[in-house]
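Chemist: Please work from the sequences and hints to get the whole structure.
Chains as they are written, first to last, in this note's numbering: chain A, 416 to 696; chain B, 10 to 359; chain C, 172 to 501.
Any given hint could be a false lead.
What the hints assert, rightly or not - Partial list, computed: chain A residues near chain C (C-beta under 7 Å):
no., residue
1, G442
2, Y507
3, S519
4, N525
5, D526
6, V535
7, I601
No lab work stands behind these hints, which were simulated from the structure alone.
Computed from a predicted model, the values in this text were never measured in an experiment.
Virtual Cβ for every residue (Gly too), placed ideally from N, Cα, C.
Residue-level listing of the chains:
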Amino acid sequence: MDTSLYAARRRRNAVAIAASFIATGIGLAWLALILGVLVWNGLSGLSLAVFTEMTPPPGSAGGLLNAIVGSLIMTVLGVAIGTPIGMLAGTYMAEYGRHDRLTSVVRFINDILLSAPSIVVGLFIYEVMVRPMGNFSGIAGAAALAVIVIPVVVRTTEDMLLLVPDSLREAAASIGLPRSRMITRIAYRAALSGIVTGVLLAVARISGETAPLLFTSLNNQFFSTDLNAPMASLPTVIFQFALSPYEDWQRLAWTGALVITFSVLALSILARTLAATRKMS
Amino acid sequence: MSLIKTIVAAGIAAAVAVPALAADVSGAGASFPYPVYAKWAEAYKKETGNGLNYQSIGSGGGIKQVIARTVTFGASDMPLKPEQLGKDGLIQFPTVLGGVVPVINVDGVASGDLTLDGDTLAKIYLGEIKTWDDPKIKALNPSAKLPSQAIALVHRSDGSGTTFVFTNYLSSISPEWKSKVGSSTAVQWPAASGIGAKGNEGVANNVKQTKGSIGYVETAYAKQNNLTTTRLVNKDGKAVTATAETIAAAAAGADWSKAPGYYLILTNEPGADAWPIAAATFILIHKQPKSPADARIALEFFDWAYKNGGQLARDLDYVPLPESVVKLIRQTWASEVKDADGKTIYAVTN
Amino acid sequence: MVDMTWDRAGMSAQDAADRARALGKLRLGDAIFRNVTRFAALMVLALLGGVIVALVIGAWPAFEAFGFSFLTTQSWNPVTEQFGALAPIYGTLVTSLIAMAIAVPFGLLIALFLTELCPKWLRRPIGVAVELLAGIPSIIYGIWGLFVLAPFLQVHVQPALISAFGGVPVLSSLFAGPPYGIGVLTAGLILAIMVLPFITSISRDVFEAVPPVLKEAAYGLGCSTWEVMRHVVLPYTRVGVIGGVMLGLGRALGETMAVTFVIGNAHRITASLLAPGTTISASIANEFTEAIGEVYTASLIALGLILFVITLIVLAAARYMLLRIERRIG
Chain A
416 MDTSLYAARR RRNAVAIAAS FIATGIGLAW LALILGVLVW NGLSGLSLAV FTEMTPPPGS
476 AGGLLNAIVG SLIMTVLGVA IGTPIGMLAG TYMAEYGRHD RLTSVVRFIN DILLSAPSIV
536 VGLFIYEVMV RPMGNFSGIA GAAALAVIVI PVVVRTTEDM LLLVPDSLRE AAASIGLPRS
596 RMITRIAYRA ALSGIVTGVL LAVARISGET APLLFTSLNN QFFSTDLNAP MASLPTVIFQ
656 FALSPYEDWQ RLAWTGALVI TFSVLALSIL ARTLAATRKM S
Chain B
10 MSLIKTIVAA GIAAAVAVPA LAADVSGAGA SFPYPVYAKW AEAYKKETGN GLNYQSIGSG
70 GGIKQVIART VTFGASDMPL KPEQLGKDGL IQFPTVLGGV VPVINVDGVA SGDLTLDGDT
130 LAKIYLGEIK TWDDPKIKAL NPSAKLPSQA IALVHRSDGS GTTFVFTNYL SSISPEWKSK
190 VGSSTAVQWP AASGIGAKGN EGVANNVKQT KGSIGYVETA YAKQNNLTTT RLVNKDGKAV
250 TATAETIAAA AAGADWSKAP GYYLILTNEP GADAWPIAAA TFILIHKQPK SPADARIALE
310 FFDWAYKNGG QLARDLDYVP LPESVVKLIR QTWASEVKDA DGKTIYAVTN
Chain C
172 MVDMTWDRAG MSAQDAADRA RALGKLRLGD AIFRNVTRFA ALMVLALLGG VIVALVIGAW
232 PAFEAFGFSF LTTQSWNPVT EQFGALAPIY GTLVTSLIAM AIAVPFGLLI ALFLTELCPK
292 WLRRPIGVAV ELLAGIPSII YGIWGLFVLA PFLQVHVQPA LISAFGGVPV LSSLFAGPPY
352 GIGVLTAGLI LAIMVLPFIT SISRDVFEAV PPVLKEAAYG LGCSTWEVMR HVVLPYTRVG
412 VIGGVMLGLG RALGETMAVT FVIGNAHRIT ASLLAPGTTI SASIANEFTE AIGEVYTASL
472 IALGLILFVI TLIVLAAARY MLLRIERRIG
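Modeler: Printed below as a string of C-alpha cells:
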C-alpha cells in the first residue's frame, strides 16, 4: 500500500471535515451573535410604553404605537390585495392550465418576480401610484407590499393544489360537480393548510420589508390610519431612528427590530408547524 | 374562502374605522431645523391637537416634494432664487436662524480646543490635508496635541441645505473650492474617500462612531449629541465658537426687507463676534395650495411658533427671527397665499 | 359537466325549466371563474411587464441625456447634472462578489456537515437555525452591521489589515485608507451572512437528493468523506448548486437595507476595499426622495432599471438551471 498517498488523502479529508465543522460553528456563532445583540439591546428598551405611546421627537419619551399600527394596517391590506390575485393565478396554473404554454411562462415570470429587488417594486409603485395621486399614502405602501405578496402566494397555491390527488377531482366530476365548485369546495379545502402556510410566509416576508415603503408610504410621526396620507411603519421608523445620533431613538430602533424579528420568527414557526401537521395527517 | 373574507374585512375595517381625529398636515425637508420643528410640533399638538408631520429628508427632498405637491410645505436651508419661486408658484419665508459647525472625533481633543479656518477646512475636504498633525492645522493650533491619525471625512449623501450652507462658505473663502466643487445641496465631493451620511442625523452618528473623523452639522445636533466642536476664524480674523450669540451677530446686519423672496445667505458675514457659517432656514408653500385648509393649519403653526416657540429654539442654540421680520412674513402670507377664488387663506388678526 | 340522463319524461315542465336554468347558472359561474383565474395569471405577466415599462418610461430622460455613456461615467454630480452609473454598478458587483466569495465555500461546507457529518438528532435544530438566519429581516442585519460589526472592524480588524498589507505592492492599495469601519468590505461581509442561509439550504436539499447508492458505491471503494463529496456528490449536484449560488447572487445584488447602513455612500470607485462606496440600491434608497430635477430622478430610476435587468438575467439563468435539475430528480 502506498502509505504516502493514503496519508495525503487522510489529511485532506481531515482538513475538509474540520473546515466544515468550523464553518458550521461560525455560521451558528453569527446567528447567536446577531440574535443575542438584538435581544440584549431590544429588551433594554422594551416596556409597555413601546406599545402604547407614539414615536417621540428626539429627547422625549415615547413608543412605537403608530409604527406598529401602520405596519399592521399595510401588511393586512397588502395580504388582502395580493392573496386573492395570487390564489386565483395559482389556481389557473394548477387546475385549468396545468399543461399549457401560458402556465409555464407565468411560472417562470413568477419566480423572477419572487426574487426581484424590493426597491424596484417601490420605484414601480411610486411611478404608477404616488406620482399620479400626488401624495405619499398608506395605500401605496400596501400596494407595494401586495406586489411582493403575489408571487409568494402564486407559488405556494400552485404547489399545494398540485399536491391534491387527481382522484378527488375525478370523484367530484363523476357526481356532476361543476369545475369551479370542485375547485372551491374540494381542492381548496384539501390544500387549505398549505395555502395558509404560504400566506403566513408571505406575511413574514413583507413584515420586514423597508425599501418598498421608503417612497410609497413615507413615514408619519403621529398616529394616523388615513390611507390617503403618509403612514408610519416599523421598518421605516427603525431606518430613521437607527441612523440618528439620538440614544433614545436608537434604543427604540433596537426594540422595534426585536418586535419585527420575533413576529417574523413566530409566523415562520407557525407556518412550519402547520406544514408539519399537514404532512402527518 | 371565509378566511380571506375575514382578512379583507379586518383590513377595510381598520382603515375606515378610525378616521383621522385631528388634522395632520405633512411637510418634509431640511434636517437642519428638524430638532426645533419636532419640539414645536410636539408642543403645538399638545396645545391645539393639530399634528404637523415633518419628515427630515434633506432640503433637496423638501424642495422636490413641495413642487410635486406631495406635501403641504417644504423646508430648505438653501433658499430658492426669486425666479425659481415664480416659476413654481411658491413663496418662501424664514423660520429660525442656525449655524453649521464642524464636528470632530479625535482622541484628546475637546470642544473648543481646536481652531480651524475656512481655507484649512476647504483643504481638508479637498483631500489635500490628510492627517490631523498636518502643519497647516498645527499652525492654527500651536499648543494642541494632535495625533498623526488619518482624517476620516464625513459629508452628506442626500440633497442637503446644510451642505449648501457649508459649501457656500467654503466657496466664498477658497477659490480652489469654488472652481473644483462649487456650492449646492449635493456636490461631487472631491476627496479620495469620504463617508456619505443621510441627514444631519447621519453625519452626527457617523462622526460619533468613527475615530479620527470630521463632519459638519447644524449646531443643535452637536449640542444634543455631545459632539466635539471646533472654533472657526471669522471674516474679521477672530476665532469664535458657535453659539446663539455669535449666530445672532452674524445675522445682525441682514436686511430682510430688501430681499425679494427673503433670499439672504448669511455665510462669512462681517462682525467681530460673527459666526462664519450662519444660515436661515426656509419654508416653501404654494401660492395657491392644493388644500387651503391644510395650508391654513401650516401657517397657523408657524405663526404660533413665532409667538411661542422662541425659548424652545434658544434651548437648542437656534436664534429666533426679530419681530420686524416676522411682521414682514405675516404680510407676505396675507398678500400671497390665496385659495382658488383669490381669497387670502390666513391673515393674522391682531 | 356530465348531464345526467334521468328519466326526463317523469319531470314536469317546471322542473325541467328550473333544472335548465340552474345548469345554465352553473355553466356561467364556471366560465366566469375560469376566466377570472386566467385573468389573474395574465396579471402576473402584466405585473412584470408593467414594472419594466414603468421603469423605462421613468428612466427615459436620463438615457436621452447621456446615452450609452451613462453606463461608463463615474461622475455623479447633481450640481452640473452629470450622472453616471459606473460607481453604483461597480459597488453592487464588488459587494456581491465579496459576499459570494465568502458565502459559497461556507455554505457548501455547512451543507456537507449537515448531510454527511452531523448526528441525526442535531440535523433538524441546525437546519432550523439556518432558516432562522434566512428569516431575519434585512434591516436588522443593517443595524447590527452599523452598531456591532463596523465599530469592531474599525478598531480591531481594519488597522491590522492596513498595516499588514502596507508594504505589499498590489494588496496595499486594496487595503488602504483611513479605517472607517463602514465601507465596501463591511457591506460585502454583511451580504455574505445574509446570503449564506440560501446557499446552505439549497445545497443541502440537492445534496440530500443524491441517490444513496452512488455514495455507498464510492464509500465501498474506500473513498473518504471528502472524496465522496468532491468526486460524487458535487459533480452530480453541480447544476443545482450553481442554481442556488445564482439565486443567492440575485439576492445579494438586490439587497438594499443591509447595505445602505454600512456602505458609506460615496459615489466613487476606489481600489481600496476599506473605502466607502455605493451600490445601486443604496443610492436609490438614499437619494430618491430628494432628487431635484428631471434628470436626477430619471438617473436614479435608470439605476433601478439596470439593477432589475442584471437581477433578471441572473435569476432567469438560475431558474433555468434549477428547472433542469428538478426535471432530473423527477
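Chemist: Is the hint on G442/A kept, meaning its closest Cβ partner in chain C is under 7 Å away?
Modeler: holds, 5 Å
Chemist: Hint check: is the beta carbon of N525/A less than 7 Å from a beta carbon of chain C?
Modeler: holds, 6 Å
Chemist: Tell me if the interface restraint on Y507/A is satisfied: Cβ within less than 7 Å of some Cβ in chain C.
Modeler: Since chain C brings a Cβ to about 4 Å from Y507/A, closer than 7 Å, the hint holds.
Chemist: Do the numbers back the hint for V535/A, that is, is its least Cβ distance to chain C under 7 Å?
Modeler: holds, 5 Å
Chemist: Against chain C, with CB atoms and a cut of 7 Å, does the hint on S519/A hold up?
Modeler: violated, 10 Å
Chemist: If you take the shortest Cβ to Cβ gap from I601/A to chain C, is it below 7 Å?
Modeler: violated, 14 Å
Chemist: Against chain C, with CB atoms and a cut of 7 Å, does the hint on D526/A hold up?
Modeler: Since chain C brings a Cβ to about 5 Å from D526/A, closer than 7 Å, the hint holds.
In this structure, the hints that do not hold are numbers 3, 7, in rising order.
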